[in-house]
Amino acid sequence: MKNRLLILLLLPMLVVGCKSRPVKPDHQTVSSRPPVKTDGATQPLSGAISYPYRPSETKVFDLIHTRLDVRFDWEREQLMGKAMLTMRPWFAPVDELVLDAKGFLVHQVAIVTGDDLQTLKYTYDNAHLVIQLDHKYAREETLQVFIDYTARPTELDSLVSEEAAEDQGLYFINPRGETPGKPRQIWTQGESHGSPAWFPTFDTPNQRCTDEIYITVADSFKTLSNGLLVDSKNNADGSRTDHWRMDLPHAPYLFMMAIGNYAVVKDQWRGREVSYYVEPEYARYAKLVFGETPAMMEFFSTRLGVDFAWPKYAQVVVRDFVSGAMENTSATTHYGRLQHDAREHLDNPEEDIISHELFHQWFGDLVTCESWANLSLNEGFATYGEYLWIEHRHGMDEATSHLLGDRAGYLRSSARGVYPIIRYHHKGADAMFDAHSYAKGGQVLHMLRKQVGDDAFFAALKRYLTQHAYDHVEIHELRLAFEAVTGQDLNWFFDQWFLQPGHPELALTHAYTAGKYSLRVQQLQDLKASPVFKLPIALDYVVGQQHRRIQVWMETADTTFEFAVNAAPSHVAFDPDHNLLCRLRTVEGMTDEAWVHQLKEGEGYAQKAEAIERMSDPETGIADYKSVLALSQDRYWGTRMLALTPQQEPADDYLVAAVPMALKLVDDSKSYVRVAAISLLGEQAAYLQRADNAGLRQQVQARLQRAVDDSSYAVSKVALETCYSIDSLSGQALAERFMNGKEKHLSGTIARILRASNSDKALPYILAQLKDPTVGLSVKTSILRGFGEWLDHRSVAEKTEGTTVLKDLVANSQERWLCFFAVQALSEMPKNPEVKSFFDAQLKDEEDNFVKAAMQRYVDKF
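All residue numbers for the sequence shown refer to my numbering, where the first residue is 1047 and numbers rise by one.
Bear in mind the hints are in silico, worked out from the structure with no lab data behind them.
Computed from a predicted model, the values in this text were never measured in an experiment.
Heads up, some of the hints might be wrong.
[Said to hold, decoys possible] 25 angstroms max Cα-Cα, derived SDA-like pairs, lysine to any residue:
(1) Lys1105 - Pro1221
(2) Lys1907 - Asp1891
(3) Lys1898 - Asp1366
(4) Lys1562 - Ala1584
(5) Lys1710 - Lys1890
(6) Lys1496 - Arg1439
(7) Lys1333 - Phe1267
(8) Lys1333 - Arg1230
(9) Lys1312 - Asp1265
(10) Lys1228 - Lys1333
(11) Lys1496 - Ser1460
(12) Lys1716 - Ser1824
(13) Lys1817 - Asp1773
(14) Lys1473 - Arg1100
(15) Lys1228 - Arg1439
(16) Lys1473 - Gln1902
(17) Lys1580 - Leu1570
(18) Lys1890 - Pro1876
(19) Lys1710 - Glu1665
Use the sequences and the hints to build the structure in full.
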């Protein structure tokens, strides 16, 4: 059900932990069974090496400086550019220069000699510009090459390949002003192979250079690029040329431009400019959204012992961005959701993405992975940067919640295959941007921190950043920094976690006999795909009033740990802070009473979360629901949400307590808790609809109707939907009351309710929202989900009217996601003969491969 799904989506944020107080360990004995046979345990998962080996690119030249002079043809979506590249041979003498350049019209190639240009011979295949130099250059010689060109990024699929077109590099948004209410913008995206679509370069992360860009635009536009704006000149034709310069070397994939009608909101950190580029109507919210940036810069600089390196830091929000955000050096690009009002901010403050991209300014920009195989040295660190900021600003509960949310994401993805984090055999650069490089990389860094301790961890990071500043690295340089600081051989850790695939899949068996407690731990992962992991394991246990912690090591696939105790422990918590990246497949020998004790007395939120998960197992049910409901009074909002965990076949005595508790939490200070509380009430609609609960139902409905006006958009939407689930007639009436209001965020929910109630008002309302330029993209895509299936069962006249609007969206909308969901809606009408013929015709002209693929999937079925 939708309400239950909402709870389950929120729960991964809640599995968090607290730091336990120090205790003296009890005596322990360890007995090990013979290890499981591990033939091939050090080999990657079968198929992982079927991809080609992708080494770091050989450096024939050392790129020193890139100078660009660019202007734009908005009508043709082209860039007219002049590039001056300064370089020297890396080592061997060379008389040929090969540059990456995608889809250009090349007008002139020349060597620069003083003030003169000497034309050079070249060949060009639309992907590589091969230039014959005027003589063989030795490594002591510096040369400058001039290229006059036109970039045609929207034509890459025909000029180069569809694969190349995925890295379009340069994007024109609403270039001809055809979409009402949508700004005209230009922005770039270099990672991983986009930069050569708008300037000639060496397209590899192990190159670095300084740069300057002269950007000529209409005077009404603002521009942004790397480094500082050193000059701005008004031209006689009414245009303006801005000169941006970055005097510190960085990789070409981190070059950027953004152009648009922006309001620039200024901030500062230690005297350096910090700025936020947003559309003018969002200027008053810019500091609400981005205002923590200077504090993040201070925290990261202090914690790492290495100051933010760049001359300024800007963040710009663009329309139709191709990903969440991009850490261009000194100027991060964000997708549209970072542009929001105060009410949206309550539900999605986006601090994680802001901190992630900022942490990249150290890990990825200052120190850059030398090849995409080592991508986690960028992305794993940035993912862990989110954790570090949350830990600092919001505390341990929130930080561990975030950490374990990432862990759950990685574990879900691992069902599709496990690979080494650092892998030289891969399909291509884009394939490296996955849960292994991001989430698993962050998890492994957290375990490394716990392994060596905070002092050594941050001292090693300082050494790593200092030694390799403005340079490129591979994984072994990180290991050597940690070994130099700690004096330890950490090859075992880096080998099993970074260079081997997989993670431990564990089975635990608890047992107590007189005076002795034993815990058997078995590693059940496929040992032909993953190694036997060497694991440091913490165990917390409670005997009487004493909480104890011991540390043990697992080095075989099947190990039993034994320790003497004075009495049977009330509970024993394995990995109590949930620091280990592992999956617990089974836990045997822990009684219901032990889980309840862990829930009440376990030190740390992680233990509460684990106890709730085990106690609400569908096979065993809740052992003690009163203990669960008591969590609704906890200081941490995540714990309060745990009290709202959906129950399996709840008994009436549970509901008598749970429904009033949920009703009370509808007034909680945290919007996530209010959403979960309302969702729980929706889950219990059948209970509330019983005749003997009429009074309670009326009380709940009255409170939910007030919640529709909540300060949180998320709360108001779920309140309206829950009103309908409890009482469809009053819920429909409430939805119709809001139909003509200004609360556009409710449009998707209103549309679903009108569709579910088969209201005659449904289709006119839906079509009006889809045509309304003031309705946001996310709301429109929400409306389109399931719309085609519903429309397929309406009258012929309604079906024709709705299909006409959907076809118009596919053919004419400039919003790729709106096109995509309109295609999906049409695909939900398989018996409509117009759909296939329309798709067949549209495929010939559609330029967006993402939308084309959606249409092709439908056509292929027939």
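Numbered hints the structure breaks, given as an ascending list: Result: hints 1, 5, 13, 15 and 19 break, sorted rising.
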